[in-house]
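Participant: Listed here are the chains, written in short residue letters.
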Amino acid sequence: MDPSKSAVRLTVVSNRARPGHDAPFAAYDLGLAHDEMFGQDGLPRSHAKDLYDTLCTLPVAELERRQQTCERSFLHQGITFTVYGDEQATEKIIPTDLLPRIVPGAEWDKLERGLKQRIVALNAFLKDVYNDGKILNDGVVPRDLVYGSKHYLRQMRGVSVPLDAYVNVCGTDIIRREDGTFVVLEDNLRVPSGVSYMLANREVAKRAFRDLYRGYGVRPIEHYGQELLATLKALAAGFRDEPRICLLTPGIFNSAYYEHAFLARQMGVELVEGRDLFVHDNVVYMRTTAGVKRVDVIYRRIDDDFIDPLAFRHDSALGVPGLMNAYRAGNVVVANALGTGVADDKAVYSYVPDIIRYYLNEEPLLDIVETYRCREPKALSHALENLDSLVVKAVGESGGYGMLVGPQASAAEREAFRAKLKSDPDNYIAQPTIQLSTAPCFVHGGVEARHVDLRPYILHGADTRLVPGALTRVALKRGSLVVNSSQGGGSKDTWVLP
Amino acid sequence: MLSRVADNLYWMARYLERAEHSARVLAVKLEAMLEQTPEEATEAWVRVVASLMWPLAQPVAGAPDALAYRQTLDRNQPSSVFNSIRLARDNARQVRELISTEMWAQLNTLYLRMHAVDADDEWRAQPVQFLQEVVEELLLFAGVTDSTMRHGEGWHFIQLGRYTERAQAVSRLLDLYFGSQPVDVTQKLSSARYFDWLSLLKQCTAFEAYCKVYTAHIEPAKVAEFLIFDPEFPHSIRFATDRIQEELSHVAPGAGGARRVQAERLAGRLKAQLDYGQVEELLAGDIDGFLQGIQSSCKQIHQSMYDAFIGYGVDELLTA
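One line per chain: the protein sequences are A and B, in this order.
Take 1 as the starting number for the first sequence in our numbering and just add one per residue.
Take 1001 as the starting number for the second sequence in our numbering and just add one per residue.
Source of the hints: derived by calculation from the structure; they are not laboratory data.
Beta carbons: idealized from backbone N, C-alpha and C, even for Gly.
Careful: at least some of the hints might be erroneous.
[To be verified] Partner residues aside, some chain A positions facing chain B, computed with beta carbon under 7 angstroms: (1) 261; (2) 264; (3) 271; (4) 290; (5) 292; (6) 294.
Just chain A, same shape as in the assembly (with noise of 0.2 angstroms):
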């Protein structure tokens, strides 16, 4: 045996870190928020245990070098987004945290569940009020939320998705409950994105911690392209053995064309503009150097408003004129679907419970956040009662826009809120404040809790798969609880243990 080794972990067990008292834990704060790594005695939870003795273990000076080399991977990959100032565009790396946050695997698996049930019961939905609606006349839903919900498309009405799978990349935002258990948030139906962010950071992650990771058996996740290949192969089975396959992007000055990049590379398919594409005769054509060829399926990053300009805004330069005819003629499938958003609406939200038991006859795996939904008188007062302790939100926006967080707002905030919410009460959902979990993250030279949420990507076409991973979003601000990207947050990796 190695004298100097047994020498390092004698001294280990008899200096345990505590969180907020020692090094590198000391400005650790255990605060009313479940905690990924310490229980409520303040001791490390039993999946956490490695992480936590690694962290002890390791000199500041290391993780300081091993964040640095991870931040250099990422600039020189060019894992960068860009921020729009008054001339010059700048290009910044996403903040990325170093320490891994980890689920149990029998938490994981539940989880996984919940969400397959979620998302199965969502695009019945979607396919149920494009079509027949009879969620609608049976007084589930309220007829007026869906019909006057702006996502909501005309245009959609009776056309066919190939395998009724109107979503078929779906990520929802899961939060921990003070309490330690997972709920919904949100789901992002539209385009969804960070997936690479979720493979970048597991790159990093693996190499500054090696021995760990072996040691954990993390579930892999790097199949991820393949998956969602096999996805979208599947939706032109129909009509195509081996489909042309593209993924449309706006182009290299959207803030996530990174990621459209990367996911081209990764499945292996064309990386197209909608100056690429044109349409003749409701079949869409690429322009290649050999001449045009056709597309079959289009796994678009690009928003319904923008995707046709005939079909719907017709200043949009990004899109492809004609291609909404096109796809209702059954000629090209495109990922996802059309008018999706309709079912991630805030309000719609609070139905979804109602959604799966009407659809699958099955209970919600899944819990969703108490919501008070401002178009009912009662919940309208009680929400203008409680401005201070609630988190309002408009219906139909996402990444962190249109929302005010009570207990952390200005008076003043709060009072424009307040006559908001008089003028259009439709147009908002209330919720109580939740105090997101805690995970431990690298920041000012010490290991300090931030809160976290997780979002993982939920793959839906022939069947319903998703990788055992996820991004886990950082609000890096001390006592923050917006994780968004555009609302200064980071991310981490996510490592599912088996």
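Put chain B on the given structure of chain A with help from the hints.
Facilitator: Chain B only, in chain A's frame:
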């Protein structure tokens, strides 16, 4: 290959060739200036900068140092080396999934260096050194490209872009020396004129190669012969037009004969002009017209290549 992608690769290569050419010309001129009187220097600079600058909205004027800075790092000067590299990188970013990671890293690093806040200081301290390093990085990029990228259609578009730009740049530069005033090829060169011709060779990275063929005895007629007609020197016009003709036959392998015939005919004709031309004939006749003819041929080849593979009308393809 997507037409847009071919376009991006082609222009990436053209901008890089343009940056390399400008940087080398400026470096050589900054050094040559030390041997010249201020009047000679100013006169020479105005001519050279005029050949590098576009769009030429107003007549070129100013001190050599200011002109050199403008052509190197000025972000408001469309033809500056900085902007050429920036545009090349913009094109590369659009085909990030096609070029190799090594190519991207090399180009990205060069761009970040030109973009850095201390680039101006670096320039002021040692402008020639700065330009030479830019040239070296660009040469490195060409090497990385050749050894890490598949030599498929995309690579051929890159070569096509590089040599189209080179043929035009070298002929424009030669036109400055031979086009404006008749060159008396028989007269012995004064020492000032000698330096002028020497620097022309250096601007085309041709001095050493020239010496191997003709020895260090510099004569305008031989310089012209070497830079226009040498079949083996990579910066001669003939070498470039050979490559243009060759690369054109490799791009767009799936496109039928009818679509490519026009571009290939023009390239073949240009190649024949260089293969069978003679420097004595040119110097006795219209060398100015000849050099300008090369530039307009390159433009025509570019245009018909575009019409055939990139910006083509789709109607006849769909009905056929």
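Participant: Each of the hints needs a verdict: does it hold here or not?
Facilitator: These are the hints, each one checked on the structure:
The interface hint given for residue 261(A) holds, since its Cβ lies 5 angstroms from the closest Cβ of chain B, which is under the 7 angstroms cut-off. With its C-beta approaching chain B no nearer than about 5 angstroms, residue 264(A) sits inside the 7 angstroms limit, and its interface hint holds. With 7 angstroms as the threshold, the beta carbon of residue 271(A) comes within range of chain B, its nearest partner Cβ sitting at about 5 angstroms, so the hint holds. Hint status for residue 290(A) relative to chain B: holds, with the closest Cβ pair at about 3 angstroms, below 7 angstroms.
About 5 angstroms separates the beta-carbon of residue 292(A) from the nearest beta-carbon of chain B, less than 7 angstroms, and the hint is met. Below 7 angstroms, beta-carbon pairs count as interface contacts, and residue 294(A) has none with chain B, the closest being about 11 angstroms; its hint is therefore violated.
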